[in-house]
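Q: Chain residues, written in single-letter form:
Protein chains: 2
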Amino acid sequence: MKSLSTTTLANGKQTEILIADNLKDLSAHLGSYGRSVLWVFDANTATLFKQLPPVNVVLESGESSKNFSSLERILSNAVDEGLARDCRIIGFGGGVVCDMAAFAASVFMRGCKLTLVPTTLLCMVDASVGGKTAIDFKGLKNMVGSFYPAEEVLISMDTLRTLPEKEYLNGLAEVIKHALLSQDEQLYKFLLVKKNEILSRDIETLQTLVTLSLAVKQWYIEQDPTETKGIRQVLNLGHTFGHALESSGHFTFGHGACVAWGTCRALEAGVNMGITDKAYAIGATKLFKSYGYDIDYRIGRGDWIEFRERLSKDKKKEKGQVLFVLMESQGKAVLRPIDMALVQHLVIAKPIF
Amino acid sequence: MKSLSTTTLANGKQTEILIADNLKDLSAHLGSYGRSVLWVFDANTATLFKQLPPVNVVLESGESSKNFSSLERILSNAVDEGLARDCRIIGFGGGVVCDMAAFAASVFMRGCKLTLVPTTLLCMVDASVGGKTAIDFKGLKNMVGSFYPAEEVLISMDTLRTLPEKEYLNGLAEVIKHALLSQDEQLYKFLLVKKNEILSRDIETLQTLVTLSLAVKQWYIEQDPTETKGIRQVLNLGHTFGHALESSGHFTFGHGACVAWGTCRALEAGVNMGITDKAYAIGATKLFKSYGYDIDYRIGRGDWIEFRERLSKDKKKEKGQVLFVLMESQGKAVLRPIDMALVQHLVIAKPIF
Ligand SMILES: NC(=O)c1ccc[n+]([C@@H]2O[C@H](COP(=O)([O-])OP(=O)(O)OC[C@H]3O[C@@H](n4cnc5c(N)ncnc54)[C@H](O)[C@@H]3O)[C@@H](O)[C@H]2O)c1
Ligand SMILES: NC(=O)c1ccc[n+]([C@@H]2O[C@H](COP(=O)([O-])OP(=O)(O)OC[C@H]3O[C@@H](n4cnc5c(N)ncnc54)[C@H](O)[C@@H]3O)[C@@H](O)[C@H]2O)c1
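Residue numbers (my numbering), protein chains in the order written: chain H, 3 to 355; chain C, 3 to 355.
There may be inaccurate statements among the hints.
Claimed, not checked - Result set (SDA-like, lysine to any residue): computed pairs, CA atoms no more than 20 Å apart in a straight line:
#1 H:317 to H:191
#2 H:143 to C:81
#3 C:140 to H:143
#4 C:317 to H:38
#5 C:321 to H:39
#6 H:15 to C:225
#7 C:140 to H:71
#8 C:315 to H:86
#9 C:317 to H:88
#10 H:318 to C:83
#11 H:318 to H:144
#12 H:143 to C:11
#13 H:140 to C:81
#14 H:197 to H:284
#15 H:318 to C:81
#16 H:115 to C:226
#17 C:15 to H:225
#18 C:15 to H:230
#19 C:115 to C:225
#20 H:231 to C:84
#21 C:321 to H:36
#22 C:15 to H:228
#23 H:140 to C:69
Unchecked claim - Computed from the model, here is a short list of chain C residues facing chain H with C-beta under 7 Å:
#24 81
#25 109
#26 112
#27 146
#28 147
#29 148
#30 168
#31 170
#32 337
Stated by the list, open to error - Covered stretches of chain C (chain H as the covering partner; in silico rule of three or more C-beta atoms under 8 Å from a C-beta of chain H):
#33 176-190
#34 306-316
Source of the hints: derived by calculation from the structure; they are not laboratory data.
Glycine is no exception: its CB is placed at the ideal position from the N, C-alpha and C atoms.
Just chain H, same shape as in the assembly (with noise of 0.2 Å):
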């Protein structure tokens, strides 16, 4: 186990971010903590113990498990547990897991110690470190909620080799993302460079990508913990454009090749009004595309007026109008709103470059 880094962030909470060898390491850590302890996993991520912890509670696997009747289980089992509030909850998971762990920590006697274990590639890089907690409501995401960093990230690199290819790549656009909000260029060329080993998931790939992509995550969240300063709503980089794509539900793939389409249609308008340097927009198209994302993808004019409609309802609103992340180059980004003439020229049009 050795230690990675520290995120200070709301409330001088700081999390500490913690590398272990193997999942063994990670079981004996934890192990250290005692009884006053309940595990949180899905169905999926139950089976990655030989043996489960004795306080666990398994939920369904799924964005569907993010509920009100998920939260009162978890806290359920606190109580008939007789947890105090010096007690752990452990989420072992991927983002849904994390998310729901760390909400239940967050209310739980007013707040209990939260250990997370992401077991995806988005929540090792994203949904793991940040101190956002949520669960969905009324068929919206993320609307109840709030800010918790975990006390303590542990990654294991070893559980990513049982993750589907889907979930992977979901979590790889979100890292190609932050290569391009980094302040300096090593993410881009590490994934320039690596992309066999990446694809492969080669451990020790692994664990340097993971590193690079949590440090810009860090950078921004830090000098904005609870989103209030405008600096953390840049790493919505193309969630806008993917959001709307991903809702409207003509696309069948995931929510990171959605936010990799997004991130693309996002560099274009950039280059459109101005503002986003051609070279850098196009190095980073390819990139995208090297790594397989179906960057071309365009919807069809019949599915403008929803996919309009599904882009309205995005929370970045300033005076009713919404605000796109759009790059200058290299880990400069501006919000900005995009004319809607613009904006369908984009996503129906064949590709400019």
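Mind docking chain C with the ligands on chain H? Use the hints.
A: Below, chain C with the ligands without anything else, positioned relative to chain H:
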């Protein structure tokens, strides 16, 4: 409307406490917030307005409303009204309404604006200030909640006119408790001198009473906003004995009467243990009696086992031992375990002073 004081709490968040001349003054202030507002009442406090504000939730009155279903009702209304993250939830009522409104505000979109309008004396001097929010869960009080200080607390003394006597005495017990915990004797002396005006709820007298009492709570919570330093716990003076009595259910008086009784038991214990100044304990006991609390009440021998059982469930524990708040003298409190034989003697035997 005049500003009384500002308390700085967890996260650097500030609560401004405002005193309104009357309900009309208060409505005018809140009216200026426009449309992005959701009001929370209970069945009794909803009747204090001639016309209810347009967007509101009316909970059943009483402790049984502090649950997940009330929470979901408030959040569901917020979603249905299309409220955004910069909306405001206004809790208008006693501790139940204010705890519910505050918990909902703390999790709606990970935190929206919050105004509390306490309409019971207890809520004015205690529940509305300090940032604790909670619901009861699986029969356990305040098991689930958050720390989320209101941005503003608006107090209008005229709301107290309709408050039932029993509820008024609930609050008054906390006021007298604050008088003992205060760093100066102003509130204590005010209670001695102004008894008639206080009991007849003279509006000007109430303003001074609430102002002095609030200042004591503020003094303690500012030093220990999230109750992690053992300072804020001192505000539980009288509550360990009091809760055990209240929850054993043999005593039909209210929460405040139990706190008054419990505070006097803690004073006696302190005298017995050589911790509390005897003259001080006698004076304070007399003060409680002068306000009509049944301080001489003792439990029957047959009820001791149950009382002890309830006591052992108290949350203020260290190494399995229940800790009691004991007074040394005016404003000086300590946390100590008490020998069970002494506890038994104090709650069963005839009063010693
Ligand atoms: N809190 C945040 O800051 C934040 C950031 C980004 C995303 N999120 C949230 O994260 C969620 C998405 O996270 P996710 O993509 O990890 O989804 P997920 O948790 O649903 O995991 C995806 C799938 O992979 C399975 N799985 C997880 N680990 C596995 C492993 N090691 N081997 C085999 N299968 C495994 C899961 O059971 C699930 O079926 C969303 O709800 C999103 O809102 C939160
Ligand atoms: N958050 C905190 O720090 C904190 C501190 C102390 C107590 N509390 C909580 O507060 C609650 C108790 O508060 P409470 O004593 O105000 O109880 P409450 O809110 O139930 O009010 C008591 C009764 O008075 C009625 N009422 C309220 N205002 C009225 C008015 N102006 N006129 C007529 N009737 C009125 C209510 O409808 C209710 O029936 C408990 O749940 C307790 O846990 C919280």
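Q: Keeping to a limit of 20 Å between CA atoms, is the pair of residue 197 (chain H) and residue 284 (chain H) held or broken?
A: 18 Å, holds
Q: Given that the region 176-190 of chain C was listed as covered by chain H, double-check it with a C-beta distance under 8 Å for 3 or more residues.
A: Since three or more residues must qualify, the claim that chain H covers the region 176-190 of chain C is violated, with 0 doing so at under 8 Å.
Q: Going straight from one Cα to the other, do residue 15 (chain C) and residue 230 (chain H) come out at no more than 20 Å?
A: Distance of about 14 Å is within 20 Å: holds.
Q: Identify whether the interface hint at residue 148 (chain C) stands, where standing means a beta carbon of chain H within less than 7 Å of its own.
A: Holds - the Cβ of residue 148 (chain C) comes within 7 Å of chain H, reaching about 6 Å at its closest.
Q: Regarding the hint that residue 146 (chain C) lies at the interface with chain H, is the smallest CB-CB distance below 7 Å?
A: Interface hint status for residue 146 (chain C): holds (5 Å vs cutoff 7 Å).
Q: Holds or violated: is the Cβ of residue 147 (chain C) closer than 7 Å to a Cβ in chain H?
A: 5 Å, holds
Q: Sort out whether residue 81 (chain C) lies within 20 Å of residue 143 (chain H), counting only the CA atoms.
A: 12 Å, holds
Q: Below or equal to 20 Å on CA atoms is what counts here, so check residue 321 (chain C) against residue 36 (chain H).
A: 16 Å, holds
Q: Could you grab the alpha-carbon distance between residue 115 (chain C) and residue 225 (chain C) and see if it respects the 20 Å cut-off?
A: 24 Å, violated
Q: Min Cβ distance, residue 170 (chain C) to chain H: is it shorter than 7 Å?
A: Constraint on residue 170 (chain C) not satisfied, violated at 28 Å.
Q: Check whether the Cα positions of residue 143 (chain H) and residue 11 (chain C) lie no farther apart than 20 Å.
A: Distance ~30 Å between residue 143 (chain H) and residue 11 (chain C) Cα, so the pair is violated.
Q: Is residue 318 (chain H) close enough to residue 83 (chain C), meaning Cα to Cα at most 20 Å?
A: With a Cα-Cα distance of about 19 Å, the restraint between residue 318 (chain H) and residue 83 (chain C) holds, given a limit of 20 Å.
This entry does not satisfy hints 1, 3, 12, 19, 20, 30, 31, 32, 33, 34, going by the numbered hints stated previously.
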